[in-house]
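Peer 1: So the chains spell out like this:
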Amino acid sequence: MSQLKPPSFAFLITLLPWGASPAVAKSMPVNLTQGVTDISQQVYDLHMTIFYICCVIGILVFAVMFWAIIHHRKDKGAKAAQFHENTKVEILWTAIPFVILIAMAIPATKTLIAMEDPSDADITIQVTGSQWKWHYKYFGQDVEFYSLLATRQDQINNERNKRDNYLLEVDYPLVLPVGKKVRFLVTSEDVIHSWWVPAFAVKKDANPGFINEAWTRINEPGIYRGQCAELCGKDHGFMPIVVIAKPEQEFNTWLASQQQKIAEEKAAEQALLSMNMTMDEMMTLGEKVYLKSCAACHQANGEGLAGVFPALKGNKIATEDVLKHIDVVVHGAPGTAMQAFAKQLKLKELSAVITYERNAWGNDTGDLVQPAQVKAVMDQKDL
Amino acid sequence: MTMESSIANPDMTEHGPHHDHKPSGFMARWVLTTNHKDIGSLYLLFSFAMFLTGGAMAMVIRAELFQPGLQLIEPNFFNQMTTVHGLIMVFGAVMPAFVGLANWMLPVMIGAPDMALPRMNNWSFWILPFAFTMMLMSLFMEGGGPNFGWTFYAPLSTKYSPDSTAVFVFAVHLMGISSIMGAINVIVTIVNLRAPGMTMMKLPLFVWTWLITAFLLIAVMPVLAGAVTMVLTDKYFGTSFFDAAGGGDPVMFQHIFWFFGHPEVYIMILPSFGIISAIVPAFSRKPLFGYASMVYATASIAGLSFLVWAHHMFTTGMPVAAELFFMYCTMLISVPTGVKVFNWVATMWRGSLTFEVPMLFAIAFIVLFTIGGFSGLMLAITPVDFQYHDTYFVVAHFHYVLVSGAIFSIMAASYYWLPKWTGVMFDEGLAKLHFWCSLISVNVLFFPMHFLGLAGMPRRIPDYALQFANVNAIVSIGGFAFGLSQLIFLVVVIKCMRGKGEKAPDKPWEGAEGLEWEMPSPAPYHTHLTPPEIK
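Residue numbers (this note's numbering), protein chains in the order written: chain A, 1013 to 1395; chain B, 2 to 536.
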């Protein structure tokens, strides 16, 4: 049956050049990160301690086994002994592992208790997962924003070269101060996600309807990347986390600039209400927004995924009553995966994307939805 | 009908074992069979077919992950592949393979003429092909098959799941019914049908481990049935077991699931311990070291398996006291597991070893399962688990214990008993080729996954950051090689089934012990019609 082997080898050889393609040159650490917090260092130390203990036990046990395999072979004339129990040895190899376990459990317990104490935090961030993005809210600071994957679809589809931080880059990273105790309140709006930054040794599930606590105190400024760690649907692999840690002074400056930016945006929204935008403007902006916020489910061609996400092309909501269409986009569709976009998008973006959906892919209703219309639907329901 | 009465009717025993009375015709022989050996063969062949099916899905997964970027399949289909791969391997490959081995070997080993409940035995097998056909067909429904992971966490599996979820739930119900019936049959057979003199502490360890496994099955399969039923009613009938908006709790789903799921992983490994405890003494020509401690260790592992479920859920936000409890209990499991490994090594020590293919697989099992055990111990340490959880480190861990653990033990058992089942010796050259190809490729496949996990690659993602690319390419190559290696096994088995090979003696392995080696090869259709006397 050796004829099975050559074809399998040929197959492997044909695959090899792929693995060596130039896009793939980045090197990977082969061990757990030591991270940039005291806790992550403790976690790393625990990891190494346990790893070494396992190695020593493994080497001892396998050394005995391979000694037997080499020396106690029948073809070397070994005659089998007939012993089959030894109470002393058996008690010994039950008791010794038990003692080793206790020695492991003590530092593990200490670290765990420290990790689970989020009290006396200097700053609190609410982290909310939803399909497939993160939302960060700085408590008591009037600063909040969504954070979406910044890698473009054409890189994912191999139509363009992948950049260095492929799949690990976002549009708005979370910014945190160095040296301060930061408390995270983690929750979700739909399915379970898990917020994980390896450099902080923080991984906490985001459960819909419940709030989990975690904390970190970052020792070094820098950019730290992580990913969602709980299967959360189709684009689970595409909701990264990026944290920029800044010295306290810089952080405060950043926070103030954000507050100002948000205030300015609110003012601009007000001004927008009395403005009318042209169809061209709307369609250009609308397409951009659609690709960022809608295409993950409804697909770029508006055809959705049969049986999972409805098509917008030819969809009644997108071609008939405008108010109903605005309502669904703004408030979501309860009981389905359709999210409420009122908070996620600006007024201008909402009206543009709705206009786009009503005129793209042959929907051709000719409807032009203005910010004021969207605002009217928003206010009516929010009351 | 005739065959059944031949088992039930003591008058027939005078015909002796050489009058086989095999029913003729496909229907009568295979579909209506109540013969434990036929049903055992059906189970084994079915599980092998499922192993190849689930394996094909793994090949799809590894092909997509060969390079960064989306090449072959869409993320939604990727999720269906990981989900159905897991479900098929757990419920379609490993579990039925063990039930098949139990069917074939338990009555033979304890001196019983058949399983205690032969008609139920037939039913528990024939449910399975329907259950798995249904589940596989759901892949072709609009919206696709199950895509929420084999762990089907709510609310991803309730509010956000495809319409095929109802089919998935029904299929899992059928698998559960089949498992429970199989387990009842095992318990009743072992308790009632042992030959005179076959006391409990004389039972071969494979029988002991299966007895304990069967109790685990009966304890936890109803819990799984409850979990899927709640998913069904949450999705279709407006209940809110797992929906906070209606007063439920999504984390409760995980508690219920893992209360089933953790004993389930021992269901998939305890019979392996029994197999290895038969093979290691046989090829060491030396009695098993510490028989009694093996039995107690198995029972303790089974008992502890009910106290550790939440170690799968350390990141869900449990109170610190609960995390400590589950960490300590999980660490404790390594004590009885260690005892088993020490006992096997002590059995080999000062033996007279030979290395036929079953022994090769058994030794590989001991080494690789222990590696999986070590990573299990590392995962038990809660603070570090926060880093490992839901990464490729976990994928590496459970594939070490399930593939190079459970599946290697099934391979070992197959090679050990194939001469008894088919009456011919397997092609040793091919079998050795199968072993070495599997051993090398399984490590190329799963060992680098530890590094991927430590470097931070989450599991269940269809695309990954560039730093993970080289290692993923190596893993995929290992995967393709491992998949292809199993086709060698297929050839070996087919050759044996067609009777191609040297005629097997009654006892092909010099050091083997047990009632199965005191009968001709192949084992006659009916055995132990007169109970043997055990001294």
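The set of hints was computed from the structure by calculation and includes no laboratory data.
Careful, some of the hints might be misleading.
Here are some of the chain A residues that sit facing chain B, going by a computed Cβ distance under 8 Å [to be verified]: (1) L1044; (2) M1077; (3) E1097; (4) M1116; (5) T1123; (6) K1174; (7) A1318; (8) A1345; (9) G1347; (10) M1350; (11) F1353; (12) A1388.
Think of the CB as a built atom: it goes at the ideal place given N, C-alpha and C, for glycine as much as any other residue.
Peer 1: Can you list which hints this structure breaks, lowest number first?
Peer 2: As far as the earlier hints go, 8, 10, 11, 12 are violated by this structure, in ascending order.
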